[in-house]
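A.B. asks: Generate coordinates for the entire structure from the input sequences, incorporating the hints supplied.
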Amino acid sequence: MSDAGYDHAAVERRWQEAWDDADAYRTPDDVEDPTYVLGMYPYPSGKLHMGHVRNYTITDAYARYRRMQGDDVLHPMGWDAFGLPAENAAKERDTNPRDWTFDCIETMRDQMTAMGFGYDWDREVTTCTPEYYQWNQWLFRRFHEEDLVERRDAEVNWCPHCETVLADEQVEGEAELCWRCDTPVETRELEQWFLKITEYADELLEDIDDLEGWPNSVRQMQRNWIGRQYGSEVDFEIEGHGPVTAFTTRIDTIYGATFFALAPDHPISEELAEEDEEVRHFIEHEADPDGDEPNGVETDLTATNPATGEEIPVYVADFVLSDVGTGALMAVPGHDERDHAFAEKMGEEIVPVVAPEPEDGEDPEAPDVDDAAFTEDGVLVNSGDYSGLDSETARERLTEDLESAEHATQYQLRDWGISRQRYWGTPIPVVHCDDCGPVLVPDEDLPVELPEFINTTGNPLDAAEDWKETTCPDCGGPAERETDTMDTFVDSSWYFLRYVSPGLEDAPFDLERANDWMPVDQYVGGIEHAVMHLLYSRFFTKVLADHEGLEHREPFTNLLAQGMVQLEGEKMSKSKGNVVSPQRIVEEYGADTARLFMMQAAQPERDFDWSEEGVRSTNAFLARLKEMVEEYAAPRAAEDASGEEPRANGYDGGKDAVASYVDAEIDATIAIADAEYDDLTFNKALRETQDLTRTLRQYAEYTEPHAETYERGLSAVVRLLAPVAPHLAEELYDELGNDGFVVDAPWPTAEVDRDYVEKRRRLVENTREDVRDIVEVAGIEDPERIDVVVAPEWKYDALEIAIESDADNLIGELMGHDHIRQQGDAAADYGQDLQAEREALERTLGPDEEYAALESAAWLLEREFDADVRVVYAEEVDESVLKNAEPGRPAIEIED
RNA sequence: GCGAGGGUAGCCAAGCGGUCAACGGCGGCGGACUCAAGAUCCGCUCGUGUAGACGUUCGUGGGUUCGAUUCCCUCCCCUCGCACCA
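Reading the first sequence from the start, the letters are residues 1 to 896 in the UniProt record's numbering.
These are calculated hints, taken from the structure and not from any lab test.
Backbone N, C-alpha and C define an ideal beta-carbon position, used for all residues, glycine too.
Keep in mind that the hints are not guaranteed to be accurate.
[Stated by the list, open to error] Straight-line alpha carbon distances no greater than 20 Å define the calculated SDA-like cross-link-like pairs of lysine to any residue that follow:
id, residue 1, residue 2
1, K759, E839
2, K655, Y851
3, K345, E359
4, K47, N88
5, K47, E735
6, K759, E849
7, K571, K626
8, K684, V615
9, K626, E735
10, K196, K47
11, K883, I811
12, K571, S581
[Said to hold, decoys possible] Now the in silico label distances, taken between C-beta atoms and shown as ranges:
id, residue 1, residue 2, range
13, R93, E176, 53 to 59 Å
14, I454, N515, 42 to 48 Å
15, S575, D773, 53 to 59 Å
16, E124, A840, 23 to 29 Å
17, R93, E17, 20 to 26 Å
18, T457, E17, 46 to 52 Å
19, R93, E212, 46 to 52 Å
20, R584, E769, 42 to 48 Å
C.D. replies: Below, the structure written as structure tokens:
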């Protein structure tokens, strides 16, 4: 045989055309509840990379598997088509973002088709078209009506050179430079639009518990991101400034609060800066919220500790962050590490007020906090009436007793600022009127379409004067359009709903159908979206459930975060120059090879190394399989054509023991592969499939195969491979004489369960290994004859009795059975073995099943040792041979 | 620091209470086929062993159990996420 491969280009082209002609991947609108399989839609950057190929091969394979199982399947694709790179590319190439984006889409769509991904292209969604983004605007209005939109000042990253806001990810390194022009980034206060995701913080957090089809890592990341913390808010009176609220999770330590600290941008700090030179100097020059060292300056103010009544000094300190808690904190150096460090630096008092839980009967002893804070819960000391309480009780009591104190919950999650000072996004549908302020564009005037692109340094929308000038929808007076566009995460927060009814003109999605079809059954994408995209999508889904009648509160039932495709342990990246181009692989080896190699290389969620060697051997495997099928099918087809009696040329062996072995292996493979496909562990399913292929080849080499059995095997292999290598599978399915597509073929079925399959295989494997052991250890040069002897029936009975029995004396119980007792010493010996293994006993196959399994596998021994092999029942051999025979372990006699 | 996930034979990597000296792949060794190479196929790949055995292994040290690679605890190391979060 050769490793020359096969003409993959011809095969792939042929079936891609056939699928296209037959509209094979169309999902009609009237199906009831299709299995919804979705890969995260890509940003159309120009070319597919290996990450895309892996992502979409996973969804495609799963979609095809479900379909062969008889499900209706929804498997759409679309484009996350807005975003800054298009603007940059347009500038570089002197074109415009729209043309550039559509070029990229076309290229990538062609590449996807070349990969054989079976999408319903009639449902394609492209977010940069007004037909799509009008619904972003409509949703913005709806959110606004439900009081989920807010306009307020926000600090943003601003590049003065590019004149635009940068996302946090676009600010690079410690020095905080713009990713494109290396200009130091500034912060600016800008009026921004926010979506109030924090209104849903509790539900978003609590529902994570029910997302059992999601990886734990993603669930945990979302929990951390939302960051809910229970604590208390309590007021400290600052002379001349009234009560100042501080948030704390440790109000039990309030007796140890020896100073108070304010964020540099706390309103009181800013007031102080106006008259206090030192404070101003600190705020303007020394405060470094990013530094490791806690810095601060003492003010002339004092605050009253509401628990002790003591006056404590007030600092302005840079480790106090205005967006954490209330931007003011009570500092307890005895029980907080950071406060401790700061107190040491400033020479403030450090008082222990919580002691470690004492041993029974002993009094709590205040810990030594001179060198380090004691940060755990314990028993209160030095805390007036509260001394002696445990931390938890003390927190409850103090929150109740202190007049200004109340329970409070803090979240790390912030509202979602969606304003972007960029061109290539959804225009925020707002008009600014001098008299009326910001006014939302009414529904009937939507969409607000993007004007022509203007190549300018700043925001092109700002430069589009004609577009910008408009009239106020409320008063009719002159007004200006909002020139900010929406974060592209808005687009992706609901695109999975648009696929349900992509062309719908009077709503973002068909509610009834969405209720039937949603949620997405299997979502697949990169871990980099663990928080943002997946959290925003959950948020949108919940809002749509509350206000638009969607009957689902979570968008994605099962989530798979796929691993990376690496090269020599490193992430592929352009800058490292270690990128393997999918295009090249497809040209050289074909799409099926690329897909099969990827799916068998590792479990989908794991990283794995690309290996050219692996790709070649995968390609060789497919070529060999093709040859096998052709060798079998071609002569039959020729005979059919010539009108002669069909005769399986060279495949007219009988349905003998070997055939039954192969038959059992076919069943075993199907049973295992089926379960593994269900789990998306394609690598294991494919390993089994390749093993079966090898078994079939061995079969054909060893003997004249039984045509029916052989064909059943080939047919099973082809269909088990079809989800992953669809083109070649179609070709071979066709060659095997089937009508219709393998895409629509029924998934092979097997009437065996895995437990049986595994017992049978283990018996055969163990027996073969035992024979090898004996031959080697006994130094048998050339075995003439091998007898494999199934244990006598009474031993199976004894085993069964032993498993069922809970008697102390097993041997006694066994001897209670006449037919066992009659075995005399043999029964006693075996009984002792059973007694010794008592706790570990397990049912084996029955004697006849074992006989059949061994008989059908005898050819393997014959072939390996070139010896006569007999499988026999116990009755046929001498008693002395039988002492080693047990259920699950035949006696072996070798003669040389 | 907090949280999550990991550490398995030369390498990659399954297993997650007994079927485990531990699936599979790569690499290495030997054999079949071939004039030869490649491909394919068959074995071996912790140690000892002239009949299927025994001994020592699954990051470290303990524990639970008749029995632990699998469960619990301690410590060490790796990867990821969050982090001066009150």
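A.B. asks: If a hint holds in the structure, say so; if it does not, say that too.
C.D. replies: Comparing the hints with the structure gives:
1. Between K759 and E839 the CA atoms are separated by roughly 19 Å; this keeps the pair inside 20 Å, and the hint holds.
2. Proposed proximity of K655 and Y851 is supported: the alpha carbons are some 17 Å apart, at most 20 Å.
3. Only pairs whose Cα atoms come within 20 Å are accepted, and K345 paired with E359 is rejected, the gap being roughly 34 Å.
4. With a C-alpha separation of about 17 Å, the suggested pairing of K47 with N88 holds against the 20 Å cut-off.
5. Only pairs whose Cα atoms come within 20 Å are accepted, and K47 paired with E735 is rejected, the gap being roughly 34 Å.
6. Of the pairs offered as hints, the one joining K759 and E849 holds, with about 10 Å between alpha carbons and a cut-off of 20 Å not exceeded.
7. Using a Cα cut-off of 20 Å, the hinted pair K571 and K626 is violated, with the two alpha carbons roughly 34 Å apart.
8. The suggested pairing of K684 with V615 holds, with an alpha-carbon distance near 17 Å, which does not exceed 20 Å.
9. This hinted pair checks out: K626 and E735 have alpha carbons roughly 10 Å apart, not beyond 20 Å.
10. With a C-alpha separation of about 36 Å, the suggested pair K196 and K47 falls outside the 20 Å cut-off, and the hint is violated.
11. Between K883 and I811 the CA atoms are separated by roughly 17 Å; this keeps the pair inside 20 Å, and the hint holds.
12. With a C-alpha separation of about 14 Å, the suggested pair K571 and S581 falls inside the 20 Å cut-off, and the hint holds.
13. At about 29 Å, the CB distance of R93 to E176 disagrees with the hint of 53 to 59 Å.
14. Take I454 and N515: their Cβ atoms lie about 43 Å apart, and the range 42 to 48 Å holds.
15. At roughly 55 Å, the beta carbons of S575 and D773 sit within the given window of 53 to 59 Å.
16. E124 and A840 have their C-beta atoms about 58 Å apart, which leaves the hinted 23 to 29 Å range violated.
17. Taking 20 to 26 Å as the suggested C-beta distance range, the pair R93 and E17 does not conform, at roughly 33 Å.
18. Between T457 and E17, the C-beta spacing of about 48 Å keeps the proposed range 46 to 52 Å intact.
19. Distance hint check for R93 and E212: the Cβ-Cβ separation is about 47 Å, which falls inside the suggested range of 46 to 52 Å.
20. For the pair R584 and E769, the supplied restraint of 42 to 48 Å holds, since their beta-carbon distance comes to about 44 Å.
Figure legend: structure checked against the earlier numbered hints; hints not met, in rising order: 3, 5, 7, 10, 13, 16, 17.
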